[in-house]
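Student: If you read the sequences in order, they're chains A and B. Counting along the first sequence from 1, when you hit position 70 you're at 70 in my numbering, and nothing is skipped either side. Counting along the second sequence from 1, when you hit position 62 you're at 62 in my numbering, and nothing is skipped either side.
Source of the hints: derived by calculation from the structure; they are not laboratory data. We put the CB at the ideal spot given by N, CA and C, even for glycine. Incorrect hints may appear among the rest.
Unchecked claim - Facing chain B, according to a computed beta carbon distance under 10 Å, are these residues of chain A, among others:
#1 D47
#2 S193
#3 T196
To be verified - What follows is a list of derived Cβ distance ranges for each label pair:
#4 A:D41 x B:I176: 38 to 48 Å
#5 B:L194 x A:S39: 45 to 55 Å
#6 B:I176 x A:K18: 35 to 45 Å
There are 2 protein chains.
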Amino acid sequence: MLELYSQNLENAVNEIAKLPGIGKRTALRLALHLLKTPSEDVTLLTDRINKLKTHVCYCSKCFNVSDQDICGICSNPKRDATTICVVQDIRDVIAIENTNRYEGVYHVLGGVISPMDGIGIHQLKLQELFDRVKNNEVKELILALPATVEGDTTNFYIYKNVKDDVALVSTIARGIGVGEELEYADEATLGRSLMTRVDFDKAYKK
Amino acid sequence: MLELYSQNLENAVNEIAKLPGIGKRTALRLALHLLKTPSEDVTLLTDRINKLKTHVCYCSKCFNVSDQDICGICSNPKRDATTICVVQDIRDVIAIENTNRYEGVYHVLGGVISPMDGIGIHQLKLQELFDRVKNNEVKELILALPATVEGDTTNFYIYKNVKDDVALVSTIARGIGVGEELEYADEATLGRSLMTRVDFDKAYKK
């Protein structure tokens with residue numbers, strides 16, 4: 001339809017609409033917005049998007065995104081390199097960092113084992129994790145994967161492969177969210193939060 | 001937060017988040033998606049966005065977007081250049097074109113008079129419209145602006161300025177939408193659809 005007026009607009013809309021969660025209508029809205037935006041701002045946007053591909057790499061230790069070969073967390077001497085938290089992707093790193101409660105390092109898997117989505121063990125940074133715990137002194141491996149069937153499967157697979165190399169394998173607590181009412185929690189969560197109940201002293205420790 | 005790991009990722013997220021309707025979280029999701037996208041696809045996206053600014057212009061007659069000085073509608077000899085439909089922006093052109101019911105040409109104002117949003121008569125292509133109807137033979141000017149206070153204000157302003165130069169000034173019908181129940185229509189719409197009732201023969205004409 002658009003190509004009647006402008007093939008270039010049509011082309012831009014088609015490319016923008018390939019982004020996840022953006023349909024044709026939103027793509028057109030964004031393209032028309034960009035048409036009205038000053039050229040230097042549009043160039044800045046496209047330059048910075050291009051730099052994503054040319055300047056951003058993955059940390060060769062933890063596979064977090066990084067501008068250098070080793071990311072800012074792995075190269076920080078204040079972080080405890082003997083504690084590794086295994087997460088699905090970089091958004092989980094950001095979420096955990098935002099809590100200000102974690103001083104160790106990370107290992108970003110890039111997903112969880114999910115045969116339904118065609119994600120097997122070779123698509124994930126699992127072997128890299130096993131090598132990492134084998135070749136380094138790791139006191140604790142914290143599993144912080146999603147509380148889904150796929151997350152649990154991945155947890156078990158990791159546990160089986162690392163248990164001889166790591167002193168302690170732990171998993172983040174599943175339970176009632178802070179500020180949440182018990183009556184609205186599902187049975188599985190409530191049951192698990194009862195079974196994995198903790199010392200009162202420990203729970204309120206700052 | 002992100003700059004801890006990658007200043008380049010942070011920069012890209014900040015620019016993407018400047019787009020309308022896209023917050024930081026969505027921008028991060030899009031940036032991470034682009035990180036995983038093959039380089040040639042990302043380059044295609046940014047090239048086509050850049051081309052929006054370098055290759056797309058506005059038609060010098062109707063101010064629709066165009067790759068040439070005169071857009072495909074204005075330059076089409078089959079379109080009736082003596083009928084001009086005044087619309088707010090290019091999305092309205094697309095909507096009207098999709099109906100396949102209009103054979104005339106357009107005039108894209110670029111908005112409606114809205115002092116609250118800082119849009120006065122000089123931000124819109126109003127003088128260009130008045131010049132156009134003065135210097136060309138225009139048999140009918142169709143006002144197809146939004147049915148809002150701002151749209152009505154703009155309608156009245158246009159009518160006042162063109163009524164001596166145009167044989168007929170019309171406005172698209174306001175009324176009950178096709179497939180809509182009367183009981184759910186608001187009073188203003190229902191009242192207006194009664195006042196501007198049309199000949200049965202005319203209404204069902206193909």
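Student: Could you check if D47 of chain A really has its C-beta closer than 10 Å to a C-beta on chain B?
Tutor: Holds: closest Cβ of chain B sits about 8 Å from D47 of chain A, inside 10 Å.
Student: Please check whether S193 of chain A passes as an interface residue: C-beta within 10 Å of a C-beta belonging to chain B.
Tutor: violated (27 Å)
Student: Taking the Cβ atom of D41 of chain A and the Cβ atom of I176 of chain B, is their distance within the range 38 to 48 Å?
Tutor: holds (43 Å)
Student: If I claimed the Cβ atoms of L194 of chain B and S39 of chain A lie 45 to 55 Å apart, would that claim hold in this structure?
Tutor: holds (51 Å)
Student: So does I176 of chain B sit 35 to 45 Å from K18 of chain A, Cβ to Cβ?
Tutor: holds (38 Å)
Student: With chain B as the partner, please determine if T196 of chain A meets the hint condition of a C-beta pair closer than 10 Å.
Tutor: Violated - the Cβ of T196 of chain A stays beyond 10 Å from chain B, reaching only about 30 Å at its closest.
Violated hints for the displayed structure, listed by number in ascending order: 2 and 3.
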